[in-house]
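Colleague: Dock chain one against chain two, each of which comes alone in its own frame, and use the hints as you go.
The listed protein sequences correspond, in order, to chains R and B.
Residue 1 is where the first sequence starts when you use my numbering, and the numbers rise one by one after that.
Residue 1 is where the second sequence starts when you use my numbering, and the numbers rise one by one after that.
These are computed hints drawn from the structure, not numbers from a lab.
Bear in mind that the values here come from a model prediction, so they are computed numbers and not experimental data.
25 Å max Cα-Cα, derived DMTMM-like pairs, lysine to aspartate or glutamate: (1) LYS21/R to ASP54/B; (2) LYS126/B to GLU46/R; (3) LYS11/R to ASP52/B; (4) LYS25/B to ASP52/B; (5) LYS25/B to GLU58/B; (6) LYS169/B to ASP204/B; (7) LYS19/R to GLU57/B; (8) LYS119/B to GLU46/R; (9) LYS169/B to GLU144/B; (10) LYS19/R to GLU92/B; (11) LYS63/R to GLU92/B; (12) LYS63/R to ASP52/B.
With the C-beta cut set under 10 Å, the calculated list includes, among others, these residues of chain R facing chain B: (13) CYS37; (14) LEU70; (15) GLY75.
For every residue, glycine included, the Cβ atom is placed at its ideal position computed from N, Cα and C.
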Amino acid sequence: MFRYLKLRNKKMNVTLNGKPKDISDRTTLETIIRGHCQSPEHVVAELNGSIIGRSFWESTTLKENDRLELVSFVGGG
Amino acid sequence: MTVQNDNLTIAGKTFTSRFLLGTGKFSSKTALAESIAASNAEIVTVALRRIDIDQHEENIIQYIPKNVTLLVNTSGARNAQEALRIARLARESGCGNWIKVEVINDSKYLLPDNAETVKATELLVKEGFIVLPYMSPDLYIARELVAAGAATVMPLGSPIGSNKGLKTKELIQILINEIDIPIIVDAGLGAPSQAAEAMEMGADAVLVNTAVATAGNPQLIAQAFAEAVKAGRLAYLSGLPSEKICAEASSPLTGFLYE
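The following block holds chain B by itself, in its conformation from the complex (with noise of 0.2 Å):
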């Protein structure tokens, strides 16, 4: 059985795959497009730097599909204003105006800083950008990214690479209950279990980098996550039994050969 239409919808474009994955810590280029062919990703995430003079590298867009929606993050940003410069900039590279907003000022958990977030989400939405934003889960920041023109809310399961899973569960799930625009669970996710967890609560989507980009075979763990991501929403969909304390027979209960 398959289920019709169940497509998520960012901005007004349709994507029928809820696995977004992020391009960085690749070992090889082609280990990149490896893993993004085997992930039916329709979104992935790059990020703006300096070029190194010195160096000739490599171009990352040329790995990429044609066909997928580029989402270009503030990464390197520490404020909104810096927020603001980078997505102009990626807006002038012609790659469209899709921005992640990642405002950080902890290197050391790497959370994102909530307001500075919000600032910097007004700031891109009046300018015309699709702002997607990164936040740590917090229903009032929800709610301000929400009137600010957002076009998600991406919070963390858990700090950036650190493969902890959904250690912010019970207040993702606040924002899924809460929260009209979709709900994409960023950062953190290390094995696809952890993925199908957040869409069985009702995510709407996951992003994930680091556990598909340093595994040993990224393009199978690719498309472990993509199917885990399916089963989780299927699961999602199916309207999921309530947890019991006591048990409950799936037997019938009357004795077997007497009554």
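Only chain R is shown next, with the shape it has when bound in the complex (with noise of 0.2 Å):
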């Protein structure tokens, strides 16, 4: 028991729009989102170079040195 709960709270490092972040082993894509962004519904996500559409955020797990992009709509000419 001891073990698996060390193993759920190992932490991880992935760089999250350009910054170094620890989050938890094993988290999703779609907790990190719903965690950093007000507005998810117009949030587009790249992870390492590839867009993963909004219907594969739950079923994407981050791992170790990830890049991840979080892009969304702001004022522009």
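Modeller: The following block contains the structure:
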């Protein structure tokens, strides 16, 4: 049981929008996006250079050293 | 008198307004929403950026009416491949496939890189995007953009945000005369009179951002631009009389009481 908990709490490092970030092991894309974006409905995720469609956020688990970009709309001409 | 069915058609989609509004630099989202309403714009531009993960930002899309066509620009792209990456991300957001190609290498004048703009347009059209490229007015480049499948060409009047007006007027006139897809004058228009001038020349539409967003009262100037665009369009459709070197009397040339 202790060993299981230890595994569950393991941290790993990813790069989120250019900044290093420690997150829990087995964190899904969905969790990260819900936790960092106020309006997830217009967020687009690019993981290691590939776009991850919204329908795959829940099933995509981040790995050590992943590079994640979360983008959305801002004012522009 | 009204002109019937004088609509702007881009890629098969019909618009009654010939005024496109950019959404950058507004002091508040409320000012933006009020300006969109006052402008009657049916196409507005937005940009795509990294989310600031340390700060909760308001979603700009909720301030844009649902019936307005979103035109996502590729600002930040320095070459065709970067423009392609931004466009793919924009499409994934579910806000349509209309892309304003904007490829810029020069941060001082923000002039578009025409060669990379042509390459980006070719790539994006092949991927099914509706492409509206921002360009420096040049006939050969405009022809290449048409050949690449661009939906419009968007020549600059003067550098972005400069409010200098139609410094490229003669070159834009050539595009208006020679290019069969819509010409949308984009960038540098600083006053409604300049927008009217572009429309009088025969431009199909204009896009304004800075002059509206940074005015003392954005809502009021948005309306002024919209009315100027309409006035300029009506003047163009009326068949403007040409300039003459010598005077031509408006009153009868006979003397008042004497022969």
